[in-house]
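With the numbering used here, letter number 142 in the sequence shown gets 139, and the count goes up by one each step, no holes.
Think of the hints as simulated: they come from the structure by calculation, not from any bench. Please read these numbers as outputs of a predicted model, since none were measured by experiment. C-beta atoms are modelled at their ideal positions from N, C-alpha and C, and glycine is treated no differently. Hints are supplied without guarantee of correctness; some may be wrong.
Cross-link-like lysine-lysine pairs, in silico, BS3-like; alpha carbons within 30 Å at most [claimed, not checked]:
no.	residue 1	residue 2
1	Lys29	Lys376
2	Lys82	Lys137
3	Lys376	Lys340
4	Lys340	Lys359
5	Lys37	Lys359
6	Lys37	Lys202
7	Lys3	Lys14
8	Lys82	Lys114
9	Lys3	Lys82
10	Lys29	Lys185
11	Lys364	Lys375
12	Lys376	Lys323
13	Lys118	Lys82
The following label-pair restraints were derived from C-beta to C-beta distances [to be verified]:
no.	residue 1	residue 2	range
14	Asn33	Lys114	25 to 33 Å
15	Glu22	Pro149	35 to 43 Å
16	Pro148	Glu247	46 to 54 Å
17	Glu357	Glu164	16 to 24 Å
18	Asn220	Lys375	20 to 28 Å
19	Tyr370	Asn157	22 to 30 Å
20	Lys167	Lys137	37 to 45 Å
21	Glu363	Glu30	37 to 45 Å
22	Ser298	Glu247	30 to 38 Å
23	Glu164	Arg134	18 to 26 Å
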Amino acid sequence: MNNRIKIVADDKIPFLKGVLEPFAEVSYLSPKEITNAAVKDADALLVRTRTKCNADLLENSSVKFIATATIGYDHIDGSYCDANKILWMSAPGCNSSSVQQYIASALVTIAANKKFKLSDKTIGIVGVGNVGSKVERLAKAIGMNVLLCDPPRQRREGGNQFVSLDELVKGSDIITFHVPLNRSGEDKTFHMADEQFFESFSESKIIFNSSRGEVVETIALKNAIKNGSVSDLVLDVWENEPNIDPELLELADIATPHIAGYSADGKANGTAICVNGLAEFFSLPLDRNWYPNEIPNSSSSNIIGIDCTGKTEEEIIREVVLSTYKVEEDDNRLRSSIGTFEKQRGDYPVRREFTFYSLELKNCEEKIQNKLYQIGFKKK
């Protein structure tokens, strides 16, 4: 096979430039520029969620391979690709620890603002794949009661660790969605949180959505907030991105521009999975365990030092989590400039995950330190 393959790549995929050029002609384009004409002679596409890989894009092209540097893949028409012998792949789990960090920051922020203890609450996790499992580990580590709903896993695994969506709704104070977007079929998730869903609440609940905007029906969600069914809302994903509903933004307690999975580590993981998959498919002479050489740091130090004297367990956990990432900073940016949703994603500041940080906690009980180690922090 000719090693000088042609690749069209999203210009916002990080750590990519210079990696494939020894083996290929690489064109870096914005999602708007990735058109049928632009990919006509391409052998491979490296994309993100903004590029719809369907017949409109791929018809009469020479594309043989598509990789998306994201865990989601609802922007790829798998049936079309399969019928036209185009191999496609996503990057499952690449940013699961990043979303875990986002959820942790949002949980401790909401709890502090609303003056409740997380350990008094039950969290219902809808979708327990790579991301949902990390959120489960987080919630259990910080002392929350956990309910899990995942019908596909329930069918495969059986047992009693999963509950139905109705049971989860009845038993949860907080509901967080971590499902893929399925528009049809037995496991349809499109608008799974609709008017009927919210009307089933016997008391007000906190809703988190960092999966896909279309999982929650916007009008039903706004009505649920207005009538008190939803007391607090954390929203990272929206219907009709990037043209999001300004009223919903106002109603949300924490609102961010689809960046829950945007840690530098998660981006590096996603790029590495795509590069290695492409190298294998085209038999490129590139190390199959390629990984970016240097991931930028978010701060001058990777050591978190805290004196825990006189602080409660939740105060310590909150301080440690917010030392790595303050979700309210992303919220403030979006509220101050709703029209730059896409630019905020493209120019997102460096964020490192829990595993980047080592803890130096003085006068801290061992059990509290162990809880933090369970969610990824390292011992100094």
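Measuring from beta carbon to beta carbon, are proline 148 and glutamate 247 in 46 to 54 Å? 34 Å, violated
Range agreement (Cβ of glutamate 30 with Cβ of glutamate 363, hint 37 to 45 Å): 54 Å, violated
Are the Cα positions of lysine 118 and lysine 82 separated by 30 Å at most? Roughly 49 Å separates the two Cα atoms, so the pair is violated.
Per the hint of 18 to 26 Å, is the separation of the Cβ atoms of glutamate 164 and arginine 134 within bounds? Given range 18 to 26 Å: holds, Cβ gap about 21 Å.
Check whether the Cα positions of lysine 340 and lysine 359 lie no farther apart than 30 Å. 41 Å, violated
Regarding the pair lysine 364 and lysine 375, is the alpha-carbon distance no greater than 30 Å? Given that 30 Å is the threshold and the Cα spacing comes to 14 Å, the pair holds.
Please verify whether lysine 3 and lysine 82 have alpha carbons no more than 30 Å apart. 18 Å, holds
Sort out whether lysine 14 lies within 30 Å of lysine 3, counting only the CA atoms. 14 Å, holds
Tell me if the straight-line CA distance from lysine 376 to lysine 340 falls inside 30 Å. 36 Å, violated
30 Å Cα cutoff - pair lysine 376, lysine 323: The given pair, whose Cα atoms are some 22 Å apart, holds under the 30 Å limit.
Taking 30 Å as the top limit, are the C-alpha atoms of lysine 82 and lysine 137 close enough? 44 Å, violated
Whether the CB-CB distance between tyrosine 370 and asparagine 157 falls inside 22 to 30 Å: Holds: the Cβ-Cβ distance is about 29 Å, inside 22 to 30 Å.
Hint check: violations occur at hints 1, 2, 3, 4, 5, 6, 8, 13, 14, 16, 17, 18, 20, 21; the rest are consistent with the structure.
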